[in-house]
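K.L.:
Start from the sequences and build out the full structure, keeping to the hints where you can.
Chains as they are written, first to last, in our numbering: chain A, -1 to 78; chain B, 109 to 483.
Please note that a few of the clues may not be correct.
Computed cross-link-like contacts, PhoX-like style, restricted to lysine-lysine with a CA-CA straight-line distance of at most 25 Å [what the hints assert, rightly or not]:
1. B:K152 <-> A:K24
2. B:K169 <-> A:K24
3. B:K364 <-> B:K460
4. B:K126 <-> A:K24
5. B:K140 <-> A:K24
6. B:K462 <-> B:K448
7. A:K67 <-> B:K152
8. A:K24 <-> B:K165
9. B:K462 <-> B:K447
10. B:K168 <-> A:K24
11. A:K24 <-> B:K448
12. B:K324 <-> B:K443
A few chain B positions that, by computed beta-carbon distances, are all more than 12 Å from chain A [what the hints assert, rightly or not]:
13. R115
14. R132
15. S175
16. F185
17. A280
18. I400
No lab work stands behind these hints, which were simulated from the structure alone. Glycine included, each C-beta is placed from N, C-alpha and C at the ideal position.
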Amino acid sequence: MKKLFQTEPIIEMMNCSQIRMIGSYKFIEASPEHCRFYYEGFLVTIEAASVHINVLREEEILVHVDELKYFEMKRQVKER
Amino acid sequence: MKLYDRRPVEIRVSRNEKVHEFIRRLQQNRVKIRELEYLEDEVKFEISKKDVSTVRKLRKKYRLKVSIRYLQESRIFQNTGWTMFGLALLVIIPILCSQFIWKVEVEAETPELAVKVEKVLDEKIKLNRPLLKRNLVSDFEIRQIIMEQIRDLSWVHIIKKGSSITIVPQLAPITEVKENKPDRLYHLVAAKSGVITHFDITSGERRVMPNTTVYKGDVLVSGVIQVGEDEYLAVGAKGEVYADYWLETNFEIPRKVQYISATERKWTIEWKNKEEKEKEQSLQKVNLPRWISNYIEVKKTQSYTTTVRELSEEQIDSFILPLLHEKILRSLPPKTIIKKENILHVTFDDDKVKGKVLFLVNENIAKEYPIDQGD
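P.N.:
Below is the structure:
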């Protein structure tokens, strides 16, 4: 179920510490220092001193990070 | 209900390569994952209780070691705001509803009367339901209005039970108005012997003069008037004829007499007592604020004291005679006067006073006696 009233994919980043992504995604992997998703045809990689995944909901991800080091979105031609 | 069971469950999965795949599959199965944490040798996250079955299914598939911990015990009353809110509603709703009158019923002998009363209720008293109990007019007013509108009623019972009122109108018994039969004419004859004192007649002809002695059965006022030489006209006699006669009565009263006399009026402040004191009569009351009036009342009271007195021979004139006077007067018809009283003899027993008294009574002695056709 898409988030109420938010039907289009959106990425919100607040203070470089809270990242919220709404849209179709696929969880790939995570560790205390990083996490990785396929998000709307992009490979998203987040690295930080600590990564805490608050919510993994259908079409919504909420991640809290401390000291964000790296945020990458890479266009994937072919999804796995 | 299981579909909506959102109580949190903590899942710990041993950390290996398959964990990511496991989480991915959970996500594909539309499982909401919260607080995902990577620890040294395991992965911890929270899901809802409804999704536990999905976790169990997938665990077998991936052969993972999964520990499930229910964070909230399964209790009937969860310690949550909603439970408290629900419980509060459970108490508040009946209390709120009990402040209203929801049902007004009319129980009448006939449906027509019931409709009549309902119409009065709707139009005059305006009992539109639900009605706040506080705004309800008093029983007295309801009764007065109904009885004013419907004159045939003798009484209106108002029965209040919880949030409903039942109104039971009581029809007055049909009274046959007994009219004096105009076709019947009467003479007035003496019911008792005595000395005529005065007349109070509206029709008829006197047959006796005042200060003459009459005996029982004598015609006092004739209902037939002589017109001309030999013509008689029956008009009927009506009215009262008073005569004096002596009445001899025996009396017997206990020697010990109980008096009830009123004390002077005074203001009292006291705790409200549910059991009303019988010997006390409240004459005036001060209206106190509602919260205090439940406990304390201020009123003007008059109480009655009972005293016991023993009769003695000196009290014949001062006490026994007035007592007998009242007693005799009460047993005789109204307008009767006692002119004189004489004590014949009085004896004092251990516990009783016996005696004989003569009263000179002035009373209406006229009695109706039908006029025969032959007269």
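K.L.:
Against each hint, give a clear statement of whether it holds in the structure.
P.N.:
Here's how the hints hold up against the structure:
Restraint check: the Cα-Cα separation between K152 of chain B and K24 of chain A comes to about 19 Å, which is no more than 25 Å; the hinted pair holds. The hinted pair formed by K169 of chain B and K24 of chain A meets the criterion: a straight-line CA distance of about 20 Å does not exceed 25 Å. Of the supplied pair hints, the one linking K364 of chain B and K460 of chain B holds, its CA atoms being roughly 8 Å apart against a limit of 25 Å. A distance of roughly 15 Å separates the Cα atoms of K126 of chain B and K24 of chain A; the hinted pair therefore holds under the 25 Å criterion.
Annotation: proposed proximity of K140 of chain B to K24 of chain A holds, straight-line Cα distance about 13 Å (limit 25 Å). Simply put, K462 of chain B and K448 of chain B have alpha-carbon atoms about 20 Å apart, close enough for the 25 Å limit, and the pair holds. Between K67 of chain A and K152 of chain B, the direct Cα distance comes to roughly 24 Å. Compliance with the 25 Å bound is thereby established for this hinted pair. Restraint check for K24 of chain A and K165 of chain B: satisfied, since their Cα atoms lie roughly 20 Å apart, inside the 25 Å limit.
Note on K462 of chain B and K447 of chain B: the hinted pairing holds, with a Cα-Cα distance of about 22 Å set against a maximum of 25 Å. For the suggested pair K168 of chain B and K24 of chain A, the alpha carbons sit about 22 Å apart, so the restraint of at most 25 Å is met. For the suggested pair K24 of chain A and K448 of chain B, the alpha carbons sit about 125 Å apart, so the restraint of at most 25 Å is broken. Proposed proximity of K324 of chain B and K443 of chain B is supported: the alpha carbons are some 20 Å apart, at most 25 Å.
Against the 12 Å criterion, R115 of chain B stays outside the reach of chain A, whose nearest CB is about 17 Å from its own CB. A beta-carbon of chain A is positioned within 12 Å of the beta-carbon of R132 of chain B; the least distance is around 5 Å. S175 of chain B, annotated as away from the interface, keeps every beta carbon of chain A farther than 12 Å; the closest lies near 19 Å. With a cut of 12 Å on Cβ distances, F185 of chain B stays outside the contact zone with chain A, its closest approach being about 28 Å.
No beta-carbon of chain A is positioned within 12 Å of the beta-carbon of A280 of chain B; the least distance is around 70 Å. For I400 of chain B, the non-interface assignment is confirmed: its Cβ lies about 55 Å from the closest Cβ of chain A, beyond the 12 Å cut-off.
Checked against the numbered hints above, the structure breaks hints 11, 14 and satisfies the rest.
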